[in-house]
Structure formats: structure tokens, C-alpha cells
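Enquirer: Given only the sequences and the hints, what does the whole structure look like? Please build it.
Number of protein chains: 2
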Amino acid sequence: MPRPGQLHLNAFLMSVGHHEASWRLPESDPYADLDVEHFKNLARIAERGKLDSLFLADGPVLWDQVGRRPSGVLEPTVLLTALAGATEHIGLIATASTTYNEPYNLARRFASLDIVSGGRAGWNIVTTAGLDAARNFNLDALPAHKERYERAAEFVDVSLKLWDSWDDEAIVADKERGVWGDDGKIYPPAHRGRYYSVAGALNVPRSAQGHPVLVQAGSSENGRNFAARYAEAVFTAHQTLSDAQEFYDDLKRRAAEHGRDPDHVKILPGIVPIIGTTSSQARDLEAELNNLIRPEYAIRQLAELLGVPESELDLDSQLPAHLPEEEQIEGAKSRRTLVVNLGRRERLTVRELIARLGGGRGHLTFAGTAVQVADQIEHWYESGAADGFNIMPPVLPSGLAAFVDQVVPILQERGRFRTEYTGRTLREHYGLPRPENRNTVPADPAARRTVVLHP
Amino acid sequence: MPRPGQLHLNAFLMSVGHHEASWRLPESDPYADLDVEHFKNLARIAERGKLDSLFLADGPVLWDQVGRRPSGVLEPTVLLTALAGATEHIGLIATASTTYNEPYNLARRFASLDIVSGGRAGWNIVTTAGLDAARNFNLDALPAHKERYERAAEFVDVSLKLWDSWDDEAIVADKERGVWGDDGKIYPPAHRGRYYSVAGALNVPRSAQGHPVLVQAGSSENGRNFAARYAEAVFTAHQTLSDAQEFYDDLKRRAAEHGRDPDHVKILPGIVPIIGTTSSQARDLEAELNNLIRPEYAIRQLAELLGVPESELDLDSQLPAHLPEEEQIEGAKSRRTLVVNLGRRERLTVRELIARLGGGRGHLTFAGTAVQVADQIEHWYESGAADGFNIMPPVLPSGLAAFVDQVVPILQERGRFRTEYTGRTLREHYGLPRPENRNTVPADPAARRTVVLHP
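Heads up: the protein sequence lines correspond to chains A and B, in order.
Residue numbers for the first sequence follow the UniProt record's numbering, so the first one is 1 and each next one is one higher.
Residue numbers for the second sequence follow the UniProt record's numbering, so the first one is 1 and each next one is one higher.
The reader is advised that the hints may include incorrect statements.
Calculated lysine-lysine pairs in the DSS-like style (CA-CA distance at most 30 Å, straight line) [what the hints assert, rightly or not]:
id, chain 1, residue 1, chain 2, residue 2
1, A, Lys175, A, Lys185
2, B, Lys252, B, Lys146
3, B, Lys252, B, Lys50
4, B, Lys50, A, Lys40
5, A, Lys175, B, Lys40
6, B, Lys185, B, Lys175
7, B, Lys50, B, Lys40
8, A, Lys146, A, Lys252
9, A, Lys50, A, Lys252
10, A, Lys40, B, Lys175
11, A, Lys50, B, Lys40
12, B, Lys40, A, Lys40
13, A, Lys40, A, Lys50
What the hints contain is simulated information worked out from the structure, not anything from laboratory work.
None of these values were measured; they are calculated from a predicted model.
Expert: See below:
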């Protein structure tokens with residue numbers, strides 16, 4: 001019996017496309033990474049497709065060499081605020097680092113985006129791998145993976161306290177008595193922890209959806225535990241159905257072990273859909289893009305991910321037999337393992353591996369017709385490998401328009417995707433309950449209106 | 001001979017008005033502090049008046065008791081991004097703290113706002129007084145005034161390096177060769193200082209106006225030196241013309257001593273214009289607002305500013321004879337002195353002093369007709385006390401609409417204010433040159449196209 005229900009679809013936006021060479025196509029505007037009108041156009045296309053949300057990756061660092069591809073990255077809470085004004089329904093998920101921010105500032109900025117957008121904000125919580133980022137924040141070494149996650153957990157705990165520091169009924173607006181708010185309904189966190197001390201209440205109240213949706217994107221052991229405890233949506237990368245199923249089962253089980261409803265953790269792998277009118281046309285577009293890659297740029301990044309000197313990688317040979325193990329690196333652990341497994345399993349030369357990573361940096365690339373893409377998405381959904389997908393168009397805007405105008409209608413006809421928005425907030429799009437304020441949860445669980453997500 | 005030229009006018013926005021009791025008026029929406037549509041409406045009114053900029057104060061802390069007045073404060077870079085989308089010309093100045101941010105994050109966020117808005121961003125640099133804010137950022141004590149300013153100077157130095165880390169010609173977008181940017185035209189700051197180490201380049205290039213306009217608002221000795229060195233606009237508070245003249249002359253002189261063109265430091269005192277069709281009607285509105293103040297809220301804040309226990313202040317007596325001197329407090333030094341001088345000079349009871357501060361927290365409140373307000377503004381301009389004003393309407397939106405529709409046309413008729421925007425960027429509105437990238441200034445000063453602001 002096929003799995004019932006509808007799936008969730010996010011639009012993962014990145015300059016003129018996820019394929020690193022997309023900017024070289026004749027159709028691409030190479031300055032679009034810095035053009036807010038480009039992103040507004042993308043947001044409107046995604047909303048036309050009734051997608052759940054827009055998503056932006058981020059890091060506080062200049063990624064890689066600027067020769068390689070468009071390298072301007074507007075700060076995501078700023079850019080998504082601009083997109084909030086150009087849309088009405090679609091969710092707005094920004095990546096931000098727990099390692100290089102202060103909880104009061106970041107919780108406040110997300111709360112502000114959440115209010116400005118009418119309850120459409122989400123926070124993709126990252127701990128930020130990479131020495132280059134560390135060196136922009138007074139550090140000479142990247143904090144250890146485990147410490148980054150410990151810090152992240154406390155950061156999120158503090159953020160939740162800040163987001164709950166106003167009762168939903170704190171504003172009374174009594175003009176007659178001259179009392180705007182009820183000071184008895186303000187709950188300062190008074191948090192003193194290992195990494196953070198935050199005494200006072202936020203200066204922004206709760207939003208229409210309570211607080212921003214918590215999203216997480218790390219798949220290491222530390223990352224999975226973190227996701228199981230906090231995440232309401234998980235962005236993940238898998239090359240095979242079986243890997244995705246293993247991850248899906250594992251994370252849902254871990255969430256249940258934390259006393260959470262597994263259905264309140266949406267698992268959304270990334271997919272780079274290369275859409276053609278025929279499958280051979282789609283493969284031609286993929287080859288055209290891969291032929292535009294300049295591997296001398298990509299090899300440097302690959303060496304860094306694998307933790308080896310660039311000189312140990314040869315474009316026309318397979319990966320070296322001996323590479324540092326996942327336990328030995330402090331960076332993006334699960335992505336490193338995915339890339340090594342891909343190279344070994346398919347016996348790819350470094351040049352071929354770079355081409356395979358050029359589209360989605362380790363996310364699944366799938367070239368085919370709209371029907372084939374829809375089939376693939378539905379198959380993973382029905383096989384218990386995904387609650388939906390993070391759509392990573394190789395070329396923007398054309399790849400997003402193709403997905404929205406060709407693939408989405410097929411999924412809608414099959415009853416697999418909404419034909420109209422039924423809610424206003426991101427939490428409603430994802431089918432997540434509005435969290436109670438943890439300062440005002442009634443003592444009797446039977447009296448609770450909604451499930452508490454983080455007890 | 002009267003001083004020639006035109007003055008500058010900013011709209012200082014604050015929830016439903018600067019008067020603390022404005023929210024109690026029948027016309028006021030007590031939820032407007034959290035309503036982006038309210039602020040978009042204000043932005044459009046200000047742009048209708050061809051004002052130079054919008055300005056938002058800020059602090060990472062819940063100010064005071066929520067009973068007193070609307071207390072939600074949306075994070076300013078988020079709110080101004082939303083307003084950028086609702087306007088075309090007006091400048092957008094956000095306050096942000098150097099004490100409680102990291103340079104890479106903040107420089108990037110302002111650069112992003114600057115690009116999204118087409119070169120309209122300004123940063124009001126504050127060091128953030130108050131123990132309550134410190135306690136939201138892992139501290140048990142407020143950093144000393146002097147240390148806060150030392151840190152601020154280094155913070156701004158780093159920000160300038162980050163904003164100049166891309167050459168204006170760094171993007172080549174050569175699709176044919178597959179080279180997007182010229183890595184030789186990226187200038188990583190490699191900054192190692194007393195407070196900050198920031199190695200890498202920003203991931204956002206220079207904007208249409210080079211970098212955001214630097215604004216400063218402290219008037220203590222430390223604050224004046226900081227402004228003289230960095231500020232391109234200074235927001236200040238004065239109760240008397242002579243105080244304003246002293247400040248104006250002093251700051252212009254200090255700027256010249258730093259080798260800067262004094263005309264590139266715009267001095268803009270705040271004014272709370274209470275506008276009536278007759279002067280007695282204006283005074284009635286002022287009295288109506290003052291009668292709505294609940295002094296039991298205000299007295300607490302006054303005690304904190306003065307550095308005394310609340311019990312030492314009596315509503316119906318003058319200020320205590322002995323108060324801590326400016327040197328003894330680590331908070332808002334110059335504002336403390338302004339308030340003490342006002343109370344003593346006019347022999348005000350604490351209740352009267354609270355009423356005088358209720359409109360503008362120490363800024364000049366002026367009740368009169370539109371002509372009288374225009375006269376006052378022009379008089380200070382002609383007397384060498386101001387290059388323009390930061391307009392602080394007591395009630396919003398009505399007070400801003402009254403200023404724009406009644407006072408601005410008078411100033412325009414007198415040739416004292418623009419009738420159309422002639423530039424696109426905030427720097428152009430202020431008559432400031434676009435700064436050269438300090439990494440690419442030609443060795444021969446004669447070859448420079450524009451004046452370097454921070455040599």
C-alpha cells in the first residue's frame with residue numbers, strides 16, 4: 001500500500017543556480033548574486049508553485065576563490081526580509097551560525113523576520129565548518145566538532161527561552177489605565193550556562209507561529225543527535241535511496257527517543273533536478289554544464305573537504321587509497337564521507353567526481369523529463385526516504401520555473417502536493433503545531449492545546 | 001549675511017511617536033511598534049517630503065518596563081530592509097552596537113542592506129550604555145566607557161577594511177574564460193588588533209556609495225573624539241542654541257584636526273516638533289501628551305540615568321543637590337549632564353523634568369505653528385548650530401505628516417530644502433563624496449577622483 005499524504009517542497013536559492021558553472025550559460029546574469037530583483041523574481045516563481053519555503057545557505061566567510069563563480073552572498077536575514085515584502089505565503093528559511101553569533105542578537109533578528117513576514121521564518125542552525133570562518137572571528141583554529149555542537153545546543157536553548165520571554169498575552173494596550181504591557185507576563189531567561197549568560201527578555205514578542213521553525217542540516221553523529229532533539233525540518237544529502245532510507249529511519253527513531261512526535265521532524269533531502277523535454281535533452285544540459293566547470297578551482301575545495309593537500313589529488317586518477325577518516329576531521333564530517341563513498345563506489349576519477357559534485361556539492365543530481373523527476377520524488381517519498389525535497393535548480397531562474405511549471409503540476413495531479421496554500425505560516429505549511437510558551441504551559445497535560453515540541 | 005545652502009532632514013522613527021505617552025492618544029495604534037505596514041507608511045510619508053533619511057535607534061535589550069509604552073523593537077537592519085522595498089530614494093540609518101557584535105557579521109549586514117537598497121544605508125555607531133544590555137551578553141558589568149570607545153574605534157577600522165576588501169573592479173564576469181572575479185583584486189584585511197582578529201575578505205562587494213555612511217550619536221569627550229575621527233553625520237541633543245553652537249564649533253574643529261573636511265561631518269540635533277495651527281493649539285497638544293505620562297514609570301529610568309537610587313528622587317521636589325558627576329558614571333555621560341543642567345537651570349521639580357523629557361528624552365521639544373518650527377530650524381542653521389535636524393515627531397504618523405506637509409514646504413520655498421531628490425544614495429543626499437577603496441588609492445594625490453574620508 002503506497003504511503004498516503006502530501007510531500008513538502010522547498011526552493012533552495014543560490015545566485016544563478018546550484019551548478020557551479022551555471023553563471024557561464026548565455027542565459028545567466030553573472031551579477032544576479034547581488035541583485036535583489038533577481039531573488040524577488042525567484043521568490044515569486046516559487047510562490048506560484050505553492051512551495052513550502054525559500055531556503056538560503058550561508059557562512060560568514062568568502063567561499064573559495066572569486067574566479068570560480070559568483071561569490072557575493074547577501075546576508076540571509078536581510079535578503080529574506082526583502083523577499084518577505086515580495087511574497088505573501090511562502091516560508092523563509094535562513095542559515096545562521098551558532099558558533100559565530102550571540103544568542104540575543106540572532107534570536108532577535110529571526111524573531112524580527114518572523115514578525116515582519118507574518119510568521120514565515122525558519123532558522124537553519126549550523127555550527128559552521130572551516131578554518132577560514134574561524135579566522136574571521138578572532139580564532140586561529142576551528143573549534144572542535146563536538147564543542148561546536150555543545151555550544152549549538154545551549155545556543156538554541158537560550159534562543160527558545162528568549163522567544164518565550166513574552167507571554168502571548170503580554171500586551172494589554174490599556175490606553176485608559178496607561179498600561180501597555182503586563183510586566184508580570186514577561187519572563188526573562190536568567191540563563192547562566194556553560195557558554196552563555198543571558199539575563200533579560202527579548203525586545204520582540206512571540207510571532208504568529210510562536211517562534212521560527214528550527215531547521216538543521218548536519219548528518220554526522222553529533223548532527224543527528226542535535227536534529228533529533230531540536231529540528232523540525234532536516235536538510236540532508238544522499239546519493240542513494242538506501243542511504244536516504246537509513247538516515248530517515250534513524251532520525252525518526254532518535255526523535256521518538258527524545259519523546260517527540262516523529263512526524264514533527266520533516267526530512268527533506270536535496271535534489272538537483274535537470275529537466276528536459278526528453279531525458280536525452282536533460283542529459284545534454286547536464287553535460288553542457290559539466291563541460292563548463294574549471295576543475296582547477298574545484299580541486300582545491302575538494303582537497304580541503306577531504307583533509308588532504310591539493311597535490312595528493314590527480315584529476316585523471318581515482319581518489320588516493322588512504323584518506324583521513326571521518327573521525328579525524330573537524331569540518332563537514334558527513335559530507336566528506338558521502339563524497340569519498342561516491343568516488344569509491346563508482347570508481348570515479350577526480351575529474352569525474354568534480355563533475356558529479358559540480359551540480360549539487362554532494363546532493364543528488366537527477367537529469368530527466370518532468371515526469372521522471374516527479375516519479376523520482378514520489379518514489380523516495382513512498383519508500384520512506386523523504387518527507388519531501390529541498391529543490392536545488394542547477395540554473396536560476398530557468399530551472400526553478402521548469403520545476404514549478406512542469407513538475408509541480410504532475411505532483412498536484414497525483415494528489416502529492418498542495419494546489420493552494422491552506423495556511424499563512426511556515427509552521428502551517430509544514431503541518432507543525434504552534435508551540436506553547438514553555439513559561440505558561442498548564443500543569444495538567446490534558447489541558448494543553450497543542451503539543452510541546454521541546455519539553 | 002545669512003549662511004547659504006540647504007539643510008538636511010532625517011525622520012527619526014519610533015513606534016507611534018517619540019512622546020512616551022503618544023500611544024495613549026485615541027488616534028494611535030498601540031500595536032504599531034510591531035507592524036511593518038505602519039513603518040512602510042511612515043517611510044513613504046518621509047520620502048514624500050524628500051527627507052534625507054529614516055533613522056532607527058536601537059539597543060539589544062528590553063528597554064524599561066513594558067507597562068510604560070510600546071516596547072517591541074524590531075531589529076533595525078531587518079526593518080530597514082523591509083522599508084527599502086517600500087521606497088526608492090530615502091536613506092536608511094540603523095543603530096547597531098560595537099560592544100555586542102562581531103565586525104565581520106555587522107559589516108556584512110550593513111553592506112547587504114547597502115546593496116539591497118542601492119546605496120542608501122547608514123550605520124549609527126553606538127557603544128551601548130547600560131548594565132541590562134551587558135547582562136544579555138555574558139557580562140556581569142558594563143564595560144568601562146573608555147574601553148567601549150577603544151573597542152568601537154577598532155571595530156570601525158576593521159569594518160572599513162572589510163568594506164574595502166573587494167576592489168570596485170573585482171568582478172570581471174568573463175563567461176568565455178570562465179573567470180567570474182579577479183582574485184588579485186580581493187584584499188583580505190588580515191587584521192590583528194587588540195580586540196579583533198579578522199583575516200578574510202567580506203563575501204559582499206562594495207556598494208553604489210562605496211560603503212554605508214558612518215553616523216555617531218555620543219557627545220561625551222570620548223564620543224566627540226570618535227565622531228571627529230569617523231563620523232560623516234552626528235546626531236546630538238541640545239536644549240539651548242548656545243550649547244548647540246559650542247558643540248558644532250568644537251566638533252568641526254576636531255574633525256579638521258583629524259585632517260578631514262569639516263563639511264563632511266553633518267551635525268544634526270534632534271528636535272521634537274509639536275505642530276499646531278496656532279501656537280496655543282500646539283501647546284495644548286503638548287500639555288495633553290504630558291498629562292498622559294505616568295511618572296511612576298519614568299522616574300525609574302531617570303534615576304538610572306543619574307546614577308542614584310529611585311528613592312532619592314521626589315516627584316514634587318527639585319533634583320537632589322548632590323548627584324554623581326559625569327566622570328563617575330559609565331553610562332550615557334553627555335545625556336546625564338544635559339538632564340541635570342536642564343533641571344537645575346529651570347529649577348524644575350522631578351515631575352516637571354519628567355514631562356520635559358517625555359517628548360524627546362533630552363532632545364529639544366518645540367511647540368508652535370509650522371512657520372515657527374521652520375523659523376526655529378532655519379535660525380539654528382543660520383546661527384551655526386546645525387547642518388540640519390533629526391526630526392522626532394511626538395506622534396506617528398500624524399506628527400510626521402504634519403512636518404512633511406506643513407513645515408517642509410516652507411523650508412522649500414525659502415530655498416532651504418530640496419524639492420526633488422537629485423541623487424540616489426544616502427551619500428549623495430548628504431553631499432558626501434564616494435570614498436575611494438583605501439587599497440587602491442593612487443600614490444599621487446592629484447590623481448585621486450574623490451576625497452579619501454579616512455586616510
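Enquirer: A separate judgement is required for each hint: does it hold in the structure or not?
Expert: Checked hints:
For the proposed pair A:Lys175 and A:Lys185, the alpha carbon gap of about 18 Å is at most 30 Å, so the pair holds. Under the criterion of a C-alpha separation no larger than 30 Å, the hint pairing B:Lys252 with B:Lys146 is consistent with the structure, at around 22 Å. Our distance criterion of 30 Å between C-alpha atoms is met by B:Lys252 and B:Lys50, whose separation comes to about 26 Å. The hinted pair formed by B:Lys50 and A:Lys40 meets the criterion: a straight-line CA distance of about 26 Å does not exceed 30 Å.
With a C-alpha separation of about 24 Å, the suggested pair A:Lys175 and B:Lys40 falls inside the 30 Å cut-off, and the hint holds. About 18 Å separates the Cα atoms of B:Lys185 and B:Lys175, which keeps this hinted pair within 30 Å; it holds. Taking the CA atoms of B:Lys50 and B:Lys40, the gap is near 15 Å; set against the 30 Å cutoff, the hint holds. Restraint check for A:Lys146 and A:Lys252: the C-alpha separation of about 22 Å stays at or below 30 Å, so the hint holds.
For the given pair, A:Lys50 sits about 26 Å from A:Lys252 by alpha-carbon distance, which is consistent with the 30 Å threshold. The suggested pairing of A:Lys40 with B:Lys175 holds, with an alpha-carbon distance near 24 Å, which does not exceed 30 Å. For the suggested pair A:Lys50 and B:Lys40, the alpha carbons sit about 27 Å apart, so the restraint of at most 30 Å is met. With a C-alpha separation of about 18 Å, the suggested pairing of B:Lys40 with A:Lys40 holds against the 30 Å cut-off.
Between A:Lys40 and A:Lys50 the alpha-carbon distance is near 15 Å, which keeps this suggested pair within the 30 Å criterion.
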